[in-house]
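**Q** So the chains spell out like this:
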Amino acid sequence: MRPELQFFPPAASTLANDVDLLFWFFVVVCGFFGLLVFGLLALFSARYRAKAQRYDPNHAQPLWLEIGWALPPLAVVAVLFVWGAKVYVEAYTPPSEALEIFVTGKQWMWKIQHPNGKKEINALHVPLGRAVKLTMTSEDVIHSFYVPAFRLKRDVLPGKYTSMWFEATQTGDYHLFCAEYCGTDHSRMIGRVTVMSQADYEAWLGGGEQLLSLEERGQRLFNQRACVTCHNGLPEASGPDLVGLFGSERRLSNGETVTADVDYLRESILYPTKKIAVGYAPVMPTFAGQLSEEQITALIEYMRTLKAPEAEGATP
Amino acid sequence: MIEANPASNYLGAAHGLRSWLLTRDHKRIGVLYLLGVTFFFFIGGAFAVLMRFELATPEADLVASDTYNRLFSMHGIVMTFLFLVPSIPASLGNFLLPLMLGARDLAFPKLNLLSWYVFMVGGLFTVAAAAFGGVDTGWTFYTPYSSTYANSNVMLAAVGVFITGFSSILTGVNFIVTIHKMRAPGLTWFRLPLFVWAHYATSLIMVLGTPVLAITLLLVAVERLLGVGIFDPSLGGDPILFQHLFWFYSHPAVYIMVLPGMGVISEIITCFARKPIFGYKFIAFSSMAIAVLGFLVWGHHMFVSGQSVYAGVAFSMLTMAVSVPSAIKVFNWLATMFRGSIVFDSPMIYALGFIGLFTIGGLTGVFLGTLGLDLHVHDTYFVVAHFHFIMVGATVMAYLAAIHFWWPKIFGRTFPENWAKFAALMVFAGFILAFFPQFVLGYLGMPRRYHIYPDEFQMLNVLSSAGASILGVGYLIPMVYLLGSLRIGKKAAANPWGAKGLEWKTTSPPPVENFETPPTVEGDVYEYKNPHVVRPPEVTLARG
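Protein sequences, first through last, are from chains S and C.
Residue numbering for the first sequence follows the working numbering, beginning at 1 and increasing consecutively.
Residue numbering for the second sequence follows the working numbering, beginning at 1 and increasing consecutively.
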């Protein structure tokens, strides 16, 4: 990208068009109120300067005027609020069929894992015209994954997953910035998002050496770390069966119910005694400090594929 | 220096450093604060100058990353906690509140002096943090960076801010009690100057909000020094909890910074329009509404932080609501000018500058309060531009307006009007040039706290740096002629602007006991009369 003076960023996602439309609407509405204030300031300053002939200034201060001029701003911000909220809720609610890519932030780089096992650093390749969901976490401090051309960002937190999604509409290379201050090289924690046509993307994804997919890596870890010793689905097992677990409602020993989502699984691997499934003893050792964020991601990805028995062929 | 009966006014009543450092006179303490906050303003400004130089090029060629991170952190910490929060209330509020109320002093004069010492000690800790290598967490101290990862003087700076907070609390308590208990006979609540109403609202925020900041910093210290897991997830804490606590104070703190300025503008607009203020009660209550609503909107700093989407929606709605009382104030100021007889003396020029910059800052705040737009512009230069328009553009404009308006009262001297007007225009133009390009940069996607940036952002950054230099000179000019006026300025009359309000009914500078005889109040505060009325009002509204 050659340096050139820019006044408006490229728009490369469906969200970018929504946000830009909202932005221009704001510019018009707020511009109107701004010009009104500046215009009246100038007009009154010119017209009512001292020494000009003047009426008695002690005119009435009617209540209807006070209430009346509060109503237009109230109505306007109500409209702006509803529209803005709609765009926001959609941007943070990924569609279920979205392609899921995992992002790990650390001081000061972005690590990306694709479901087929392909890894990138400070670069993200995505296909055109397909919903992409980013599931993100951090190894250290808070970062924020920001792609201006998509008009989208969300903070990337340690100890928790956050997600957002987009659908790219223009092929090309775009800036990736860390938007949350994270220490020394914050302004070097940047990268490039490359939007490719579906065919180019498939070729890119399949290129290079053949790697284990995330799921396969997860399965290997599951055996290596001896998870399978207890989580084996046998009746006398000391750990709960993990088949069909992902996305289900779990009853806990304290009477609460939680959804087995990525955050729950992550927490149960690292801090197993925090939430105990009903009917089990808190005997699982902690894996905090023993697994990298990427390994945890792989394990979760593996557990996600452990479907209930009617989905054929799933044996732990 | 003061010819007639020098011993009778507060400046001439006693001499020597000791008489200032041990004074319990609210006027002298106000002057001490004026010196203190102005000193810190120029320290914070020096950090900004270095930052704007560095930002003139896309590479890190003036300072290294660690240095730059310390510069913006120290700039933010000094400007926020040592200048903006105490700026108008502690200096001018201190000086003027008892005068406006017709009182002899604040309710607790010794507490008042203590607050200044607490402030200066806190300030020294913060300056020491800078001197011993700086702090690099940003003024926001976000965890777990500040509590676990940062290797800079986090504790020294945090202790400084922690201590300074107590001076805010002491000042707030003092103001609240004084306004309740020490009003002159006849000075009912609805005869109070709007400056007093604004300071009442501000004091409530100081007293209710500041302890939360103190607790939050204490928790950071506990985690950093003792390793107790509060905010760091690797110790079992929650980093978002810090943000909730921090913004529960720091959003209302924005109103600590801007409400007193609004009070100043209300005084000045009505005086120089020669017309009673329009919508007195609405302006008074809008200050209170802003103070109350200000406590309910902290989550709008966290729309993209990972807090729940529904929390974001609720906070956005409440944020939108705050824009209404702010709009009411602007409309009432305009209506006050309508059919007035406006005199453009220097305080009025500064006040008009305030309205202009506050309007731009307020309207762009609506952009940020909107969830769908915040997705894109959060943590970019759009935010930097917005809050500088409110907290620096508007608040410093009001601070200068107030200093010019009450300078003859405080020091008994007049300053050169033409220089004052020139400086006001320079500050306004420099400010717009410095910060308007940052809105464009923000929408382009330049993140805040970046000193290395893509080449295509350079031109706008150069414009911004150029504007900042003009702004810097604009801020220095008043220093020169105001200080000069102390030596060569003409003696000021008791009421040089023809203003109403009790502070103008005593001499300039006021006597130690404020009034020769304790005043009583019989009418409304803003009984301005148009000097140029030539005929009675006509019934028709067609002229408007």
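Just so you know, not all the hints are guaranteed correct.
The list that follows gives simulated cross-link-like pairs (lysine to aspartate or glutamate, EDC-like), each with its CA atoms no further than 20 angstroms apart [unchecked claim]:
(1) S:111 x S:256
(2) S:106 x C:238
(3) S:274 x C:527
(4) S:118 x S:202
(5) S:86 x S:20
(6) S:119 x S:90
(7) C:281 x S:267
(8) S:133 x S:185
(9) S:106 x C:527
(10) S:275 x S:256
(11) S:160 x C:527
(12) S:307 x S:256
(13) S:119 x S:200
(14) S:160 x S:263
(15) S:275 x C:66
(16) S:133 x S:256
(17) C:281 x C:527
It should be emphasised that the hints constitute simulated quantities derived from the structure, not laboratory data.
Quick caveat: nothing in here was measured; it's all calculated off a predicted structure.
**Q** With reference to the structure, classify each hint as holding or not holding.
**A** Against the structure, the hints come out as follows:
For the given pair, residue 111 (chain S) sits about 35 angstroms from residue 256 (chain S) by alpha-carbon distance, which is inconsistent with the 20 angstroms threshold. The straight-line distance between the Cα atoms of residue 106 (chain S) and residue 238 (chain C) is roughly 18 angstroms, inside the 20 angstroms bound, and the hint therefore holds. For the proposed pair residue 274 (chain S) and residue 527 (chain C), the alpha carbon gap of about 68 angstroms is over 20 angstroms, so the pair is violated. Between residue 118 (chain S) and residue 202 (chain S) the CA atoms are separated by roughly 12 angstroms; this keeps the pair inside 20 angstroms, and the hint holds.
Of the pairs offered as hints, the one joining residue 86 (chain S) and residue 20 (chain S) holds, with about 14 angstroms between alpha carbons and a cut-off of 20 angstroms not exceeded. Among the hinted pairs, residue 119 (chain S) with residue 90 (chain S) is inconsistent with the structure: their alpha-carbon atoms are about 28 angstroms apart, more than 20 angstroms. The suggested pairing of residue 281 (chain C) with residue 267 (chain S) is violated, with an alpha-carbon distance near 54 angstroms, which exceeds 20 angstroms. Only pairs whose Cα atoms come within 20 angstroms are accepted, and residue 133 (chain S) paired with residue 185 (chain S) is rejected, the gap being roughly 27 angstroms.
At most 20 angstroms may separate the alpha-carbon atoms for a hinted pair to count; residue 106 (chain S) and residue 527 (chain C) exceed this at roughly 63 angstroms. Of the pairs offered as hints, the one joining residue 275 (chain S) and residue 256 (chain S) holds, with about 9 angstroms between alpha carbons and a cut-off of 20 angstroms not exceeded. With a C-alpha separation of about 61 angstroms, the suggested pair residue 160 (chain S) and residue 527 (chain C) falls outside the 20 angstroms cut-off, and the hint is violated. Of the pairs offered as hints, the one joining residue 307 (chain S) and residue 256 (chain S) is violated, with about 24 angstroms between alpha carbons and a cut-off of 20 angstroms exceeded.
Annotation: proposed proximity of residue 119 (chain S) to residue 200 (chain S) holds, straight-line Cα distance about 17 angstroms (limit 20 angstroms). Pair hint residue 160 (chain S) plus residue 263 (chain S) holds up; C-alpha atoms about 6 angstroms apart against a cutoff of 20 angstroms. A hinted pair counts as satisfied when its Cα atoms are at most 20 angstroms apart, and residue 275 (chain S) with residue 66 (chain C) does not qualify at roughly 41 angstroms. With a C-alpha separation of about 29 angstroms, the suggested pair residue 133 (chain S) and residue 256 (chain S) falls outside the 20 angstroms cut-off, and the hint is violated.
With a CA separation close to 15 angstroms, the supplied pair residue 281 (chain C) and residue 527 (chain C) stays within the 20 angstroms bound.
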